[in-house]
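Enquirer: On the provided structure of chain A, position chains B, C and D as indicated by the hints.
Line by line, the protein sequences give chains A, B, C and D. Residue numbers 10 to 161, in my numbering, belong to the letters of the first sequence in order. Residue numbers 35 to 445, in my numbering, belong to the letters of the second sequence in order. Residue numbers 881 to 1033, in my numbering, belong to the letters of the third sequence in order. Residue numbers 6 to 390, in my numbering, belong to the letters of the fourth sequence in order.
Read the hints as simulated data drawn from the structure, not as lab findings. Among these hints, one or two may not hold up.
[Said to hold, decoys possible] Cβ-to-Cβ under 8 Å is the rule here; a few derived chain D residues that face chain C: (1) Tyr123; (2) Phe140; (3) Tyr201; (4) Ser246.
No experiment lies behind these values; they were computed from the predicted model shown. The C-beta atom is built at its ideal place from N, Cα and C for all residues, glycine as well.
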Amino acid sequence: MAFEMGPETRQVQGTWDVTTYRYKIEGKGMKLLCDAMKEKKIRGIRCNECRTVYVPGPTFCRKCHIDIDEVVEVKDTGEVGTFAVLMADMRGNPVDTERVSAQIKLDGADTWLGGTIEGIDWHDVKIGMRVKAVWADNPEGKLSDIDHFEPA
Amino acid sequence: MRNVAIIGVGYTPVFVSKRKDVNIVEMISEAVDAAFRNTNLTPEDIDSITFGNMQTFEGLNLPHLWASEHIRALDKPTIRISTGGTTGMSTLQAAYYQVASGLHDVVMAVTWEKQSEGDSQVGLTGIVMPEAMVMIQHGMDLFGGRGMAGMGGGSTGAASYQAMSYLHHSGASPEHIDKMAALERTNASKNPYAHLRKVTTVEDIQATPFISWPLRYGHTCPTSDGATVAIVASEEKAKKLADQVAWITGVASCTSDPTTANLIEGQLTDSAEQQPARIASEKAFAMAGIKNPKKEIDMAELYNGFAHQSLMWLEKLGLCKEGEAHKMLDKGALDIEGELPTNASGGVFSTNAIGASAMNRPAECALQIMRKIEGEHQIPKKVRNALAHGWGGLFQYVTVVILSDEPRKAK
Amino acid sequence: MAEQERIVVTAVVPLDYTYNYRVGPYLERYIQELGGKKIMAIKCGGCGKVVVPPRKVCGECNRVMDEWVEVGPEGTVENYTVGHVTLNKGLIEPADPPVTLALIKLDGATSFLAGEVRGIDPADLKNGLRVKAVFTDPAENSLTDLDHFEPAG
Amino acid sequence: MERKVAIIGQAQTKHSEDIGMPRERMLFELVKGLFGQFGITRHDIDTFVLCSNDFQVGRTISNVFEDTPVGAYMKDETKVEADGVWAVTYATTRILSGIYDTALVVANSLGGSEFRPYLIMDYQLNPTYDRQLGFLNELSTAALQARSYMDKYGMTDAQLDMIAARLLRNAAKNPNALQAKADATPGYVAGSDYLYEPLRKLHCYPFTDGACALLLASAEKAKDLTDNPVWIAGMGDSIESYYVGERDLFRSRSTRLAAERAYKMAGISDPMGQIDVAEVSTKFAHQEPIICEALGLFEEGSGGEVADKGLSEIDGEMPVSPSGGGLGAYPFSAAGAICVAECFRQLTGSAGDAQVANAGAAVAHGQDGFCAQHNAVIVLSKEEG
Chain A
10 MAFEMGPETR QVQGTWDVTT YRYKIEGKGM KLLCDAMKEK KIRGIRCNEC
60 RTVYVPGPTF CRKCHIDIDE VVEVKDTGEV GTFAVLMADM RGNPVDTERV
110 SAQIKLDGAD TWLGGTIEGI DWHDVKIGMR VKAVWADNPE GKLSDIDHFE
160 PA
Chain B
35 MRNVAIIGVG YTPVFVSKRK DVNIVEMISE AVDAAFRNTN LTPEDIDSIT
85 FGNMQTFEGL NLPHLWASEH IRALDKPTIR ISTGGTTGMS TLQAAYYQVA
135 SGLHDVVMAV TWEKQSEGDS QVGLTGIVMP EAMVMIQHGM DLFGGRGMAG
185 MGGGSTGAAS YQAMSYLHHS GASPEHIDKM AALERTNASK NPYAHLRKVT
235 TVEDIQATPF ISWPLRYGHT CPTSDGATVA IVASEEKAKK LADQVAWITG
285 VASCTSDPTT ANLIEGQLTD SAEQQPARIA SEKAFAMAGI KNPKKEIDMA
335 ELYNGFAHQS LMWLEKLGLC KEGEAHKMLD KGALDIEGEL PTNASGGVFS
385 TNAIGASAMN RPAECALQIM RKIEGEHQIP KKVRNALAHG WGGLFQYVTV
435 VILSDEPRKA K
Chain C
881 MAEQERIVVT AVVPLDYTYN YRVGPYLERY IQELGGKKIM AIKCGGCGKV
931 VVPPRKVCGE CNRVMDEWVE VGPEGTVENY TVGHVTLNKG LIEPADPPVT
981 LALIKLDGAT SFLAGEVRGI DPADLKNGLR VKAVFTDPAE NSLTDLDHFE
1031 PAG
Chain D
6 MERKVAIIGQ AQTKHSEDIG MPRERMLFEL VKGLFGQFGI TRHDIDTFVL
56 CSNDFQVGRT ISNVFEDTPV GAYMKDETKV EADGVWAVTY ATTRILSGIY
106 DTALVVANSL GGSEFRPYLI MDYQLNPTYD RQLGFLNELS TAALQARSYM
156 DKYGMTDAQL DMIAARLLRN AAKNPNALQA KADATPGYVA GSDYLYEPLR
206 KLHCYPFTDG ACALLLASAE KAKDLTDNPV WIAGMGDSIE SYYVGERDLF
256 RSRSTRLAAE RAYKMAGISD PMGQIDVAEV STKFAHQEPI ICEALGLFEE
306 GSGGEVADKG LSEIDGEMPV SPSGGGLGAY PFSAAGAICV AECFRQLTGS
356 AGDAQVANAG AAVAHGQDGF CAQHNAVIVL SKEEG
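Pulled out of the complex, with its shape left as it was, chain A reads as follows (with noise of 0.2 Å):
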């Protein structure tokens, strides 16, 4: 049966006010993350009793339901746990350069971090692979502090 779609109707608008919202955001992890990075150093939570490594740190376990607050430093070295290539901005137009964005596991972690590989080709990089920081000149307690990961 063939369906015979009605005469278009017209449009009103509405809004979904996003902006009137004060969200609430656990920021206990990302500063002791960035409080870290002004010295370049990396640090998370560890959890007591499953002994995992969270960075940036949560206030409890996932996996055991406790509250946790052990402070732990991981290296500044790691393995690449999967990457993707962006070819296309967010409209979907062609970038000009690819950009490798990573998740990266460091080492002593058992979370990934986000970043970006530079100095290799893109085809290059591979999954397991070993990356390290490279730290920006001045680090001033941000996430930008680390610019990039490169081949180690």
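Expert: Chains B, C and D only, in chain A's frame:
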């Protein structure tokens, strides 16, 4: 628990990118009417209604309230379920539990989306927007691409992480994604209720540009307007009301932590690991009395927002060994005529009215079992057991429903 | 465990989401007819009720409604409230002068239509008051072409 | 139904205007506290039923970041998007099915500090008509409902003030309530500003941050975990027309139908005689008589008389909302779950200063929509039945 069957399904007459002729509740009522028509039931036969969609996609809070007349809910129990991409199946599961518990005998599950009225990219971004703002406040370079890149470029970027990890661990090649995409689009061309209905070749897929390696435009799903309704009933009622039914023999859901990326707290799992799929499917198989799913499951309808996912889910849901899915694809086993027809409907990948997407999976399985498929995608072999799968949340939430041609045997 | 140091970050998201809703054939015709200063309602072939604004389905008898009838433009106030505030994006703002909101049973309709009654001291607003519709002139091809109500006669 | 389901424990936040912590932390502490009461862990829970709302949380898929705080990591979980009573009924259904033995219900919202409740209500309006015109909103519709009841049955403004004053006094006996005044009088209520006539500020629910968790179990499991279970004896819900202009606002048809279903299941034929206490989700003072009458607790139209005679006081003939109800605190999504939790406190004799003597059966109510379009009812009992 009582046995429960799907006794009928109703779709909107079409799933398309823009229904400009009707408003939201008018569109939903088309699927409700179709379900009544297909089952010869009337609203008086319905004890209770379950209802679901992704409400932020249309900017409507609790839309079942506005829709109450149009879904024929007046004076009936009604419940709204919302679990993201899996909403459709979660809504069906709520209907299942209402009947299995003995609370109701005949329940109608109503699921829909009219994505043309909102902006689904914006809606999806809204999941993590507050966290992203905090990361930007802490110096994350979201758009410049330096330093910590955060999301890796929207939902496709996050899906690319998953695709890459899957390819690496399974040994499949990017061409397998193209091949799966072509297969499903071609299946969709046979399905009158599919949105993208063009016979598609591997070359067609490969002609589309990359968004984020390894994913191309041709690997992503459309956004659709449409609604799907299923009516479920107890064993006693099913036998009275319908000549052909499909039994719901297993249900399960499982969640992990949001795995898209590190947000403001480190996340535990690789988004290609999908342990919830393993946990949920094992539970559903056990409930359905299925001991060897590789042998006993005759078809699968999988939730694939992106083309690599069909292959990934087959492995994670225990329908084949890890690393085997692409070999089955090469052998033709996933074709409509194959040994494990996968997304004969064309999948979410070809039709995606999000709230209904995870409902269309069990709906298609049920119609295949009843041999009531309209269109050319009826699976030729007898389907005894089918697996329907839903996926949602922030890459971390899985639902599974097993449908069978016979009721569940009492233990 | 000691009381944890708590750092709560407040985030405000700098964008609002916009939606475009199709009104559907019932409201489309309703709006078009307002331009001709007509208020069109829809009648249920089952229970005979006449509802305005018009819509597709009668919830009581589950029928698709398709019989158009003109109602009003006069009607009777059946319920009302005087607002000493208004809500602007969810925030309470004082209303000076107070606003009126009435549920009006238009002649020929069985449902009540919400509307503002002007040209009357809010203290005189009462149930049973006869009112008539005032239309925007010239018409703007919009829902607000039925602009407000005022006392009849 | 072959099985019985019991509520074995409840936990609530201290409801406030600003809970001062992220939602995830609020939920984690709430659930940790509840588990602590019974010495159980998240692994003892078979299924999690969350209850929150995307618009209230301000993000798509509101439960995404709620799973791990409630302990649902790698567990069965789903989300109801409605008032918390529906989450309780859904969790009950899941246990009744025989597939699960324990269920945790967690409902929450941060309506005090995070979002604007009246704006969220606007998003429920038909976007093609009511939302375009702006006549209907949370307060104007409530005022029409109040006027409808008061006109129909001759309830006076003073009697409406009495209802609100009683609820505020009750709330003062509830350690978790937000809006409370131990010596509230009708005059105190009448001294607050008019919003939409006849409603004044103190007839309305306060904007509330809060959460409620309930632990449900099958009969067998309940007896393992507690000596003091409260049984879910009956439940029902019903929806009515969206169109405010097509409803009799002075009565609640959907509450009546919901109650009929719940009472039938619970074997209650005479609610006035058989129910000992009610916790009713009244967002506005005038809704109390409308809903209570639909629940069959008082004669239709008796709201004024009930207020005059003090029949619904904690020591009255039919105590209603000893917790202060919706006027004491109204965290969206959680409000109805809190009514269930308060009934649990009454039936286990742990309601403190608000304790009703000899409470054996209770009714809890929750609502959604303008002028309570959608209503749900749960009957709770000390008897397994």
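Enquirer: Indicate, hint by hint, whether the structure satisfies it.
Expert: A quick look at each hint next to the structure:
1. Tyr123: 4 Å, holds
2. Phe140: 4 Å, holds
3. Tyr201: Holds, because the Cβ-Cβ distance from Tyr201 (chain D) to chain C comes to roughly 5 Å (cut-off 8 Å).
4. Ser246: 6 Å, holds
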